[in-house]
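Asks: Using the hints provided, position chains B and C relative to the given structure of chain A.
Residues per chain, in single letters:
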Amino acid sequence: MQVISLITDFGLSDWFVGTMKGVIARLAPAARVIDLTHDVPHGDIRGAAFALRAGYHFFPKGTIHVAVVDPGVGSARQALAVQTSNYFFVGPDNGVLSFALRREKVIAIRLLKKANYFLQAVSHTFHGRDIFAPVAAHLSRGIPIRRLGPPANDFVRLSWPEPVRHNTKIEGEIAYLDRFGNGITNLPAELINPLRATKCIVHSRGRLICPLKPFYQAVPLKRPVAVVGSSGFLEIGVNGGSAKQSLGLRIGTRVTL
Amino acid sequence: MQVISLITDFGLSDWFVGTMKGVIARLAPAARVIDLTHDVPHGDIRGAAFALRAGYHFFPKGTIHVAVVDPGVGSARQALAVQTSNYFFVGPDNGVLSFALRREKVIAIRLLKKANYFLQAVSHTFHGRDIFAPVAAHLSRGIPIRRLGPPANDFVRLSWPEPVRHNTKIEGEIAYLDRFGNGITNLPAELINPLRATKCIVHSRGRLICPLKPFYQAVPLKRPVAVVGSSGFLEIGVNGGSAKQSLGLRIGTRVTL
Amino acid sequence: MQVISLITDFGLSDWFVGTMKGVIARLAPAARVIDLTHDVPHGDIRGAAFALRAGYHFFPKGTIHVAVVDPGVGSARQALAVQTSNYFFVGPDNGVLSFALRREKVIAIRLLKKANYFLQAVSHTFHGRDIFAPVAAHLSRGIPIRRLGPPANDFVRLSWPEPVRHNTKIEGEIAYLDRFGNGITNLPAELINPLRATKCIVHSRGRLICPLKPFYQAVPLKRPVAVVGSSGFLEIGVNGGSAKQSLGLRIGTRVTL
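Residue numbers (our numbering), protein chains in the order written: chain A, 1 to 257; chain B, 1 to 257; chain C, 1 to 257.
Careful: at least some of the hints might be erroneous.
Because identical chains share one entry, a pair is satisfied inside a single copy or across any pair of copies.
[Said to hold, decoys possible] In silico DSS-like cross-links for lysine-lysine, where the CA-CA straight-line distance does not exceed 25 Å:
1. Lys113 x Lys213
2. Lys61 x Lys213
3. Lys213 x Lys199
4. Lys105 x Lys213
5. Lys169 x Lys113
6. Lys114 x Lys213
7. Lys105 x Lys61
8. Lys169 x Lys213
Hints in this document: simulated from the structure, not taken from any laboratory.
Treat the numbers as computed from the prediction; the structure is a model and nothing was measured.
Bound-form chain A, shown alone (with noise of 0.2 Å):
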């Protein structure tokens, strides 16, 4: 059993992402579809690039990953299909693969449509189930990648937000809203932990102090706490609230640590 999983913007109120299952149900009988999500904000590349980066590597070896958030679909963007040593990727070349790919050795392939593994007709406005279904029930079904055109040189980076050190300080920022309202940034537990931090501060409306507790509910309820998150960064929550209306978050407010 092979499985493929899909991230898009597609939302469940249309036939799009049901027709996407459609067409992989007949190309690859055998291979299993999980929906990693489909409510990434319409042309959201970079949340479904986080996204996708913070749930890859939860799913078995082998699995073939596929994002579609494409708002350039139809113009000269290119498509990618990418191998890891566990996984396989595949999507437009904008980025949207990029933080997941960042610290991978790949094998990157351009896709290309004389290679046959395309819907025979290809429209210039849903690629996902022209072209990126079809192509992962095909690598599900064994097909080699370099099959699928040539090797692609390169391929759009998103610039990943590193944090800052300054001396004992830590800078980082909210990478991603989740939809309790928690921001979660870009400091990796592996540089929080040997700092036995107990507290960070907030820049969102003024300077917040925020204690370092292991779970939520080690606050009072309605009061801020960061967490060690489940994505292995740190989070700024609010104990039964959302710390996103409470405190403001938003995508770049800063963290220091």
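Replies: Chains B and C only, in chain A's frame:
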């Protein structure tokens, strides 16, 4: 492996869709269920009929499409199972299947409880779980459709909005609004391509001239554009925006070519 | 084939549910996952308990139901696995399983990390992925439940709102509001049917007399109606509308029969 697709207006916030899948897993463990969508607006039979029409033919041959938008559940409306050359369709006889069946030769069956393919206790309010899911499960196991009940001499057909031709003009209308705010018209590619048209007129707030392009990004950001969309119909969109919001598109808005 | 059902308050907009499914696919490739729902309101343990109670028994025998609404994640609350005559249940020991278990004979186990059925690194904030998904995966592979930890002598049981009988009246309340705005009461069909009642009284804004009918469309459009719903309880609805909005129903609104 047999595929069962589901389209409903049940949403995903309650247990309704989950229990339909539980029933299918119980009766047909080998069937695979794919969601077309469950976010059809409540009671919007036409919207569901259009979505089913746009999506059904991307599924594997033999797929059983179940459509449950059913404001008349429990009343005297009939229930149908339909076989076409490539697919099965199951749902209430209220028109929800009719756009997908428009050009198909069909065997249509009126579902009868005494045929013993429903759940034992049929509620008055949830035929999706008690009738349509079990019937789809039995069909996926190879039960011949004629065992499900007597032939249906006729069934409810919604009027498809046919484009109208006036000399050199072709007049159509918005038939569906997707979640990106694109307006999908009833003007098919076969009508449009021979015309080599370069623009169309959208009659929403006054007359709006809208260029025909191969893809959305072929116009500047926030500008309106018409493309032959992935469903094979002319679509009115706004590059990087919502045509529904910025052009005021509605179902029925006239579009002339 | 073994079925695992999931009910959570994680929503579908982040990668949380997707990674739970990734973990299950890794540990139990043959298991099939069915979503009961992921849109339980954030932290609403009672709502999830009711939805699980309403849906679990439609699943195949042997299904493993995983319920993760877990505001106390990371704190001292225990984690449970429970076996009944037909099903398994996995979740935090905060009452979320208790409505489904109300009338069942159970074997209840307190999950222990040292039993080695969790992910190797257990986060403090996402036991759905790190504890409950792997435990369900192992159960689906036939691991005996007693290996997961010691017997739980007791577990948290939420108080089920029992209907109250006064001479000729039976008094109940709204126990759940579905996404259509129907109010599902705690009055079961077994209580109602013998009474041959023709109406009930809803005490929301003043006293509203509401006819008992077999289905919603048995009253004129926009009129209130009471039906024995698909969960086996009396429901208060409005034909073609939302009883929540137009009648002002709330959880706890009194309904007398």
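Asks: Please write out, lowest number first, the hints stated earlier that are contradicted by the structure.
Replies: The structure breaks hints 2, 4, 5; every other hint is satisfied.
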